[in-house]
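A.B. asks: Guided by the hints, dock chain B with the ligand onto chain A, whose structure is given.
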Amino acid sequence: MVDLLEKHKGIADRFQRMVDMGINGLGVTNDKMISPTRAMVGGREILLAGTNNYMGITFDPRCIAAGQKALAEYGTGTTGSRIANGSFAMHKELEKELAGFLNLQHCVVFTTGYQANLGMLSGLAGPKDTIYLDADSHSSIYDGCTLSGAKLVRFRHNDAADLDKRLSRSEDTEGGRLVVLEGIYSMLGDRAPLKDFVELKKKHEFQLLVDDAHSFGVLGPNGRGLGDEAGLEEHVDFVVGTFSKSVGAIGGFGAGNHPLFETLRYAMRPYMFTASSSPASIATSIAALQVLKAEPERRARLWANSEQLYKGLKGLGFEMGTDQVSPVIAVKMPDELSTIVKWNALFQGGVYVNMAVPPGTPNRMCLLRCSVSAAHTPEDINRIIGIFKDVVAA
Amino acid sequence: MTDTSEIIPVLVSLLAPFNPENKALSEVTDIPAELNIDSVGVLDFIMEVEDHFDIEIPMNAVANIRTIGELAAYVQSQLNKG
Ligand SMILES: Cc1ncc(COP(=O)(O)O)c(C=O)c1O
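Protein sequences, first through last, are from chains A and B. Be aware that the first sequence starts at 338, since it is given in my numbering, and climbs by one per residue. Be aware that the second sequence starts at 280, since it is given in my numbering, and climbs by one per residue.
For reference, chain A alone in the conformation it holds in the complex (with noise of 0.2 angstroms):
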């Protein structure tokens, strides 16, 4: 017999040596959180500087008690998909609350971001068309990619120049084009450059979607994320987008204009066989983007703490994940077993950040990442670069 388990022994091999080597950093178990940027683990209070919690509103009190009174009057769950089931009218209240902050006609909420990936990639693109993804796109958009049956052509990361050269090589195809581009980059903290991909619209067709996964809320005057950023958003055709990181609940959406766009509710697989999201993610999420465009100050506050700790860290000399001031931070490490050590120092001087390794980072870089939030104070800014002085640097 084969077992089936047996293809795994090398990732098995790998934790075991970070376990080996003191906590292991992928598997660390908060006992309980005390704020949006502090945790206790094993007995300790921990700074929280890896959680993408970027606006610091998990503990509002008006999304707290926004959740507690669905919770009361819709209880614990939907049991079902909405296809099935049928829609609470608060999912409904959320999509027409979130199409308003996008500034877009339709919007469709997921149970997750990852879904929301899987359900438009697999919903937009299907066997005929064709799926041009930037090479460090997340996983939730390769596995997207996967699922629609598309064919599917990588282009060189954040380089129009090379879709260009991509695109051009199949002008003829029968099929349709779609670009898949991220806002912010989740583990180097870049940014596409969103204006010379949509140049590529005059001289290509083809309908460009954007992941805001970790632009949303953050990038642009509004808060709508890489084309609310650039000016550009009516060149963008599909946003997706996910609750878990700035709207500090849990849930994804896709949103656009297209006249079409509602009858993806049902060629969507991702949104139609599983449970919608719980009346209390729902109704925290509905919450969470009232305060956020209540309070734009929120993101005036993630940008100095981001421009306080890029500053901070590179300024100790280390070699940035980009050269532009970004709530994701990453500091690059020359390999796995420095990143392993460092990391644990930096957890024992009471500082969580995340351990960021292949394959889980663009050409098997190892990081070691933080994201800010807007609940960090400059005075956990400082500590922040002053352990990495202590632990990292020297």
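Where hints are given, some of them may not hold.
Unchecked claim - DEER-style ranges, computed between Cβ atoms:
1) A:Lys-429 with B:Leu-358: 47 to 55 angstroms
2) B:Asp-282 with A:Thr-366: 52 to 60 angstroms
3) A:Asp-533 with B:Lys-360: 40 to 48 angstroms
4) B:Ser-284 with A:Met-358: 45 to 53 angstroms
5) A:Pro-695 with B:Asp-282: 32 to 40 angstroms
6) A:Asn-440 with B:Ala-352: 44 to 52 angstroms
7) B:Asp-282 with A:Lys-540: 32 to 40 angstroms
Hints in this document: simulated from the structure, not taken from any laboratory. We treat Cβ as the ideally placed atom computed from N, Cα and C, and that holds for glycine.
C.D. replies: Quick look at chain B with the ligand alone, frame taken from chain A:
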């Protein structure tokens, strides 16, 4: 008409950066298994091949290609199409 015997040495040289241990490469080398390249590494290598020959090798096709010989045959079929 380009022959696979002309393509194979090109593929071998394009593989060099992905072969840090300098393993001997031939037509029958299983690229992901013998070179211990992860799935992303294989895709990065395929991009180099696409650009060298100015052809398209969709990710879907890569799933069915394991050896250098199979890749050479695919490259040849694309070159002869154009
Ligand atoms: C770029 C990108 N897209 C999609 C997702 C998936 O979002 P979710 O965590 O809601 O499933 C993530 C993050 O996890 C992401 O980084």
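A.B. asks: Take the hints in turn and mark each one as holding or not.
C.D. replies: To see whether the hints hold, each was checked on the structure:
1. A:Lys-429 with B:Leu-358: 47 to 55 angstroms: Holds: the Cβ-Cβ distance is about 54 angstroms, inside 47 to 55 angstroms.
2. B:Asp-282 with A:Thr-366: 52 to 60 angstroms: Distance hint for Asp-282 (chain B), Thr-366 (chain A) holds at roughly 59 angstroms.
3. A:Asp-533 with B:Lys-360: 40 to 48 angstroms: violated (30 angstroms)
4. B:Ser-284 with A:Met-358: 45 to 53 angstroms: holds (49 angstroms)
5. A:Pro-695 with B:Asp-282: 32 to 40 angstroms: Given range 32 to 40 angstroms: holds, Cβ gap about 36 angstroms.
6. A:Asn-440 with B:Ala-352: 44 to 52 angstroms: holds (51 angstroms)
7. B:Asp-282 with A:Lys-540: 32 to 40 angstroms: Roughly 35 angstroms apart at Cβ, these two residues keep to the hinted range, so it holds.
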